[in-house]
Amino acid sequence: MQNTLLNQTKESLQLSPKFEVSACGVGEFSVGHNNSNNRTMKGNNGYLVTMGAPSPRSRPACTCSNRPGSVRCARHGYVVPSERMKKRVASKEILRRALTPPPPRRCEKRSEEIRFFMNDSDTTQLATTYDKLTCVGFISSIVVSMRNNTSLARKEERHIHMGGANITSSLLVFVFVVVNAAVSMANFLAQFQSIKSTSDRLVISVEDVSDLWPAVKPAFEARLPFKQGSLNNKTRNPVLVEKLPAEFILTTDSRLRSRFPQEQLLFWFREPYATIVLVTCEDLDEFKTILKPRLKLIVQNDEREWFIVFVSRAHPANDKASAMAKKVYAKLEVEFNTKKRERCCKYDIHLPESNFWEDLESKIMECIRNTLDKRVQFYEEEIRKLSEQRLMPVWNFCNFFILKESLAFMFEMAHLHDDALREYDELELCYIETVNNTGKQRDFGGADHGDDQAALLNPGNKALTQIVQDDSFREFEFRQYLFACQSKLLFKLNRLFEVASRGYSFIISFSKSLALHERILPFCMRETWVVTACLALIDAILSNYNDGLMAPDIEKRFFHLLGDLYSLARVKFMRLAYLIGYGTEIERSPVNSAALSLLSWPKPAVWPSVPADASAEVLEKEKVILQTTSRTKPFGIQRKPLPLEPTVLLREANRRRASLSAGNAFETFDGRQGITEGSGFDASTRMSPSQKVPPSSIPRTNSSPGNFDGSIDRPMRLAEIFVAAEHALKKTISSQELLKSLSSSEEFEQKYLELTKGAADNYHRSLWKRHGVVLDGEIAAVSFKHGHFDQAAKSYEKVCALYSGEGWQDLLAEVLPNLAECQKILNDQAGYLLSCVRLLSLDEGLFLNEERQAFQSELVRLAHSELKDPVPLDVSSLITFSGNPGPPLELCDRDPGTLSVTVWSGFPDDITLDSINLTLVPTSSVDEGAKALQSSTPNVLHPGRNTITLDLPPQKPGSYVLGVLTGQIGQLRFRSHSFSKIGPADTDDFMSYEKPAKPILKVLRPRALVDLDAAVSSPLLTNERQWIGILVRPINYSLKGAVLYIDTGPGLEIDDSHVIEMETYAGVSENDDNKVQKDGAQIDSLNYEKKVERLTLHNGKIEFPNWASDTPSIIWVLVRAMSDMLSRGSSSVTTRRESIVDAMRTIALNLEFGVYHNQIFERTLAVHFTYPFYVTTRVTDKCNDGTLLLQVILHSEVKATLTIYDAWLDLQHGFIHNGQTEGRPSSSLFPLVISPTSKAGILFSICLGKTNGEEDRKQQESILNIKYGISGDRTIGAHPPVMDESTKVDGARQELIFKNAITLQRPVLDPCLAVGFLPLPSDGLRVGQLVKMQWRVERLKDLDEKEVPEQNDEVLYEVKANSGNWMIAGRKRGHVSLSPKQGARIIISVLCMPLVAGYVRPPHLGLPDVDEANVSCKPAGPHLVCVLPPALSSSFCIPVNS
Amino acid sequence: MATTACFIIVSRNDIPIYEAEVGVAAKREDAAQLHQFILHAALDIVQDLAWTTSAMYLKSVDRFNDLVVSVYVTAVDALPFNIGLDVDVAVVSKEEWTLLNPLYLPGSRITSSHFDTKVRALARKYL
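Residue numbers (the UniProt record's numbering), protein chains in the order written: chain X, 1 to 1442; chain W, 1 to 127.
These aren't lab readings, by the way, just hints derived from the structure by calculation.
Don't be surprised by glycine CBs; every beta carbon is placed ideally from N, CA and C.
Just so you know, not all the hints are guaranteed correct.
Okay, the calculated bits of chain W under chain X, using three or more residues with CB under 8 Å as the criterion [unchecked claim]:
hint, stretch
1, 37 to 45
2, 59 to 71
3, 114 to 122
Cβ-to-Cβ under 10 Å is the rule here; a few derived chain W residues that face chain X [said to hold, decoys possible]:
hint, residue
4, P16
5, I17
6, E19
7, L34
8, D48
9, T74
10, K125
Within a straight-line C-alpha distance of at most 30 Å, the following computed DSS-like cross-link-like pairs (lysine-lysine) qualify [unchecked claim]:
hint, chain 1, residue 1, chain 2, residue 2
11, X, K243, X, K492
12, X, K512, W, K59
13, X, K374, X, K196
14, X, K1341, X, K1250
15, X, K556, W, K125
16, X, K730, X, K785
17, X, K785, X, K740
18, X, K769, W, K125
Generate coordinates for the entire structure from the input sequences, incorporating the hints supplied.
Structure, rendered in structure tokens:
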């Protein structure tokens, strides 16, 4: 059987190696066999033939079609070169074939060896003797092919005939071989690793033909490392390499010589990248005969990149030698240089040419570049092939790994780190894919001692041989190894950020892998690994970090990653610490709770048990647990501490103990003893406050109930769990540093602080304030614990500011009490008060009512007792306020009012505010400061909504919003600047800062609130008691309680005897016309509601009745205009000169109204009084008998009907009545009715005459007496005067007397003297020219002594002139003698000089002593004279000639 | 299948204005505080991320153990961030826009019970 097998094996092994590639088209076989099987098999006949009779390498075959020619292979794109083409086409295929040893020979050998190995079972020999890599690849390829064939054969046996061999059996052999070959990979890997560690630079071989190397070596090696070399990267793009280390090695060196050709191929990356052939020759013959053939022999191997350095040893002074050297070199060049490439350079050993070194370096670089390209191509090709097969069952990752890493290592040697990194990335991807897919993973790894320490930065942590198990790499070590290689390259590339980001994700993903294998790993291996990994990564990154090299945003993310790393390490570290009983040291803060409570417990296969000899430690732990008292929170807050555990540890640990069957027993126990569910500090903390019982009642011993008798199945107590975990961890953890950190609570705390600070700092630097600040809070908690309250308060303040600023109240409620406690201890009263206020202003649901009351009582206690100085405090979040809903309060200018404000109190109890001030802020004017309203009376605020009223003094016009509410509680000056929302009682809504402030008060601009006006428009009667009406019209303003002060002006008096009447104004005001007309009913109602009331005047003031507060009304006041002047008539020819002012009387009104009589309206009314008539006279006719008909025309001056009952004229001296009428007209005329503003005339017949009576002599004026009556309405104007009540007789006609003075003049033609203005000079008047003005005075009558009693012949004259127009040179006034005889005349001359040009009034001569009536003037009226401008003066014009 | 979810609307000033714990799992006693903490911390990331992308829905911006934080960044002031744990925040957020009262004052808390009911109904629908 064995022989048969071997034979079959041999046959199978004789398959062409090309078969692997052609047969790797698995899809073709597996898919295509259904329908096109025949065709496929036909197409593959070649294989079968080849399989049966492997031919020697007669001609190169394509991996696919095996047919030479110019047709490219459809699959690979290569042309199978024929002999003819081979020379020209240097394709990959040629290269590959050149590098690949001839397959048949190897197969034969191998089959022999296999036979040998089958006999001797010596696998190692097999491995070491031959090229294992190719062997394995080859074998595995065959197996793949065979498997495919097998499956095919099983299904369609009739098509597969493998030379009658038993396929199954041959397969077995192959698998066996493969397995053994894979085992041998371990040794191979060792070799690979050792080669890697020894060769770290490129090798340049030196073929020292003429023993020149010792002479030139120092100079050559001085050029190393090469600078500024240009290499091609994987994508064939040139890359500038700054520094390329290399090494010159002689080809005779043992390192190069001893290698087998196969080894050379395998570790090709360490083979020379360039070959320098050092030659010298001083003779042409020697060159031709010896050197040239030898060189040809050396360089015939095309694989190597070579060039020749001709060393000239000729001294420069020796011309002949130099010339010969040149000749030889020229020959050399001819022989070995080609058009495309120069392969020679000349080195003068004594005096090197200036560009020699550059030339040499460029040639070396060219060789290196070419070699590198070739090798990269080769490796890529191989890798590609392998990767295509990677999903096949028998595929071996080791091969792939070695190829891939060789390539990566080659790149690394060539300083192409980017490409090397890419290779490692691909390797990792491939590994993850194959490991997960093939299911070949046998051992995860990680079970060795020291594996708990992450080796993710140390590629050499373990030898590769240790990692390999069977044919797979152990994931635990290998992934770390890969990451280590990657990070090493990244550090070289100085890409720290990438290290951090890749590292973090690696740790996370690796941690998940560890979790998957947690059951087979030591206890808490995962946590330990993560902690050490994070710390190692952080250390490595920070030691490479240089500040300022990264771009700002990258740096930000970099620090954020560092923070994450710290944070991760911190969490895992805390978990470890908790497991060994340091849970009490960990602050139960939101961040710790969130981190730990979501992190599941370790899931070992078996929870560690308590060691046998650990009872003392258990006791110790129990003691510690007993002594630990949970920190009492300030204010007696009974808030449940946040959990640090995902589930109760006690239960979890016991459940996982192998001895208990999945916790059934414990569940029973659990149900019975519910109280021990959370034994230890868990129990005390997880109780809800309502269920809380005094701590003494809780069995804190954590010992099991008495039912358990200490057997092995007895559930562990908490202390035991801690001790067991500690022991297990000590076994797991190999890092001394970590062990030390967990050795005591002090050490733990130190490490905990270090990690927390690291995380916080880095988060701060990455501008992740929330992460950073929160961790600051953790540092604060430690500070607090150690009594460093100052530091703690600072950090807590930051945390609180963050949470409160953003309104995350649940979180704030956790931290704020701690801050308050710090501030209380530090005696920071202001801060403490503020914290109390903040606590109170948190959501009500966050604290119990009792707790909130405690906050309040603390606040009140401090405010009233402990504070010495007033402390300002912002309570905006607690006390909010708003105006009442609805429109704002509207006030008129200067009106005070009462403002009602809603204040929300967030205090849980009533609180007494000693005082409250509220400022009003005008919305429009900026310069106006806020107005403060005070309510000094203590106010008690109930929880929730309160309404407070404040007195509002008069404000300036404008719109006001609520400003700041301030007040005092004891010594506490609080201040609130927020507005609460109107609506539901959610008093905590203090976030509406953006809400537009609603005006609370509007003070209107000053406007007319009331109007006072005279109700009558036409004149009233003078000297009679007349009603004067004052129209009071309120303008949208109440006149309730208004008081009107009346003060009469001169010439007017108020009659006190009569009451004052007030009535509604019947006429609707103009403004209201439209409004009222729309509603006719309203008009009616107004009419019907007309009210009249009699008021009295007290001390000059009238108080308004209530009904008059809103409606227009008229006040009738009885007045009398006093005038002692007699009415004077005038001549009809003269224009009437009337002075309105004389008839005017004023009445000053002062109305005080408004709520506090703060509004004052003042007005002075002008009332027009008049006499009933205006009298004009004229003489209508002069009769021949001296009778004069005097017509008296009566103009009615009032808007009332006047009735004249009688009229008579008392004539002045010089006139007498004519006839018997006694100065009365015909009585039949009377009564004469004169309509308003119409005229009536009365004719009197008088004549000039003399009366003898003395009285008549004195009378200079005639008096017209008219007895009249008046019928008028007071609302219009003049009306019948009001009679005294006593004198009034009902029905009696009220007759009034009107007297008017009339001046009668003597007839015009009867003057005594005549004054005539003599004509002026004909040449006219000029300004500045004296002119003589002349008047002629002539006596027309004899001087009557009686009429002119004074002088006899002396006449007084006076010249009046406008001094602005005239300068009078002579006497202005004087007496001239004029004979008393009729006809006497005299001329008065006065020298005048006109001062202005134009038409001016000339001087006027008057006779003051003579009555005007006795002077006849000519011209009679005023006249004008023309004054010319002054003549031009020529006196200053001097003739030119002279 | 999500078992627990928290949904928070954060105003422009990072203030939570609406908060809803939804989900089929029994609510842990400390979940509110825990979720608040996680979502609050996620704001750091959201604020960095929101300006680097034009997408409104930022799926899985943060992960806290098994809890995944997703964010819907809106373009209006009223609801800058909708952050959710294990909720299809995008769908909920889009529909929630239609629920907002036009008289809602930006920045103030959403206290409408109607809104709350609707959001919970939506959450039930998509959870």
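Hint check results:
1. 37 to 45: Coverage by chain X holds for the stretch 37 to 45 of chain W (7 residues, Cβ < 8 Å).
2. 59 to 71: holds (count 4)
3. 114 to 122: violated (count 0)
4. P16: holds (6 Å)
5. I17: holds (8 Å)
6. E19: holds (9 Å)
7. L34: holds (5 Å)
8. D48: holds (8 Å)
9. T74: Interface hint status for W:T74: violated (17 Å vs cutoff 10 Å).
10. K125: violated (27 Å)
11. X:K243 to X:K492: holds (13 Å)
12. X:K512 to W:K59: holds (22 Å)
13. X:K374 to X:K196: Status holds; Cα separation ~20 Å.
14. X:K1341 to X:K1250: holds (19 Å)
15. X:K556 to W:K125: At roughly 40 Å apart (the allowed maximum being 30 Å), W:K125 and X:K556 break the hint.
16. X:K730 to X:K785: holds (28 Å)
17. X:K785 to X:K740: holds (22 Å)
18. X:K769 to W:K125: The given pair, whose Cα atoms are some 36 Å apart, is violated under the 30 Å limit.
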